[in-house]
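> Sequence:
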Amino acid sequence: MTEQTYKFKVAMSCGGCSGAVSRVLAKTEGVSDVDISLESQTVTVKSTLTQEEVLTAIKKSGKAAESLPN
922 MTEQTYKFKV AMSCGGCSGA VSRVLAKTEG VSDVDISLES QTVTVKSTLT
972 QEEVLTAIKK SGKAAESLPN
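Just so we're on the same page, the working numbering is the position in the sequence shown counted from 1, plus 921.
None of these hints come from the bench; they were simulated from the model. A hint or two may mislead.
Claimed, not checked - Only pairs whose alpha carbons sit at most 30 Å apart, straight line, appear in this in silico BS3-like list of lysine-lysine:
hint, residue 1, residue 2
1, K984, K967
2, K967, K981
3, K928, K984
4, K948, K981
5, K930, K948
6, K930, K984
7, K984, K948
8, K967, K928
9, K928, K981
10, K948, K967
11, K967, K980
12, K948, K980
13, K980, K928
To be verified - Computed beta-carbon distance windows for the label pairs:
hint, residue 1, residue 2, range
14, T923, G983, 29 to 37 Å
15, D954, K981, 26 to 34 Å
16, K981, K928, 14 to 22 Å
17, E924, P990, 15 to 23 Å
Beta carbons are placed, not taken as given, at the ideal position from N, Cα and C, and that holds for glycine.
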């Protein structure tokens, strides 16, 4: 499967929140790059997974998340 870039709105209020999201995505097979902006509360992910699969992984961090249009 080809690599896609997805953007998500994730409820993060501190470095601990973004760290939790980062750790979950680092353990997710198929994710090659993660860019987290705490200021805009967005997470950009490069992955061979589908957008729904990445969203499910982000939600495992316990943070509210939703997909944004690419």
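> Work down the list of hints and note, for each, if the structure agrees.
Quick rundown of the hints versus the structure:
A C-alpha spacing of about 19 Å is found between K984 and K967, which places the hinted pair at or below 30 Å, so the restraint holds. Only pairs whose Cα atoms come within 30 Å are accepted, and K967 paired with K981 is accepted, the gap being roughly 18 Å. For the hint linking K928 to K984, the alpha-carbon distance of about 15 Å falls within 30 Å, and the restraint holds. A hinted pair counts as satisfied when its Cα atoms are at most 30 Å apart, and K948 with K981 qualifies at roughly 11 Å.
Simply put, K930 and K948 have alpha-carbon atoms about 20 Å apart, close enough for the 30 Å limit, and the pair holds. Distance hint between K930 and K984 is fulfilled; the C-alpha atoms sit about 10 Å from each other, no more than 30 Å. For the hint linking K984 to K948, the alpha-carbon distance of about 16 Å falls within 30 Å, and the restraint holds. At roughly 9 Å between alpha-carbon atoms, K967 and K928 fall within 30 Å of each other, so this suggested pair holds.
At most 30 Å may separate the alpha-carbon atoms for a hinted pair to count; K928 and K981 meet this at roughly 17 Å. Distance restraint check for K948 and K967: the Cα-Cα separation of roughly 14 Å lies within the 30 Å cut-off, and the hinted pair is therefore satisfied. In summary, the hint linking K967 to K980 is supported, as the alpha carbons are separated by about 17 Å, within the 30 Å threshold. Between K948 and K980 the alpha-carbon distance is near 13 Å, which keeps this suggested pair within the 30 Å criterion.
Under the criterion of a C-alpha separation no larger than 30 Å, the hint pairing K980 with K928 is consistent with the structure, at around 14 Å. Taken as a hint, the range 29 to 37 Å holds for the pair T923 and G983, whose Cβ atoms sit roughly 30 Å apart. Our hint of 26 to 34 Å for D954 and K981 is violated, since their Cβ atoms are close to 19 Å apart. A C-beta distance of roughly 18 Å is found between K981 and K928, which places it inside the suggested range of 14 to 22 Å.
E924 and P990 have their C-beta atoms about 18 Å apart, which keeps the hinted 15 to 23 Å range intact.
In summary, the one numbered hint that this structure violates is 15.
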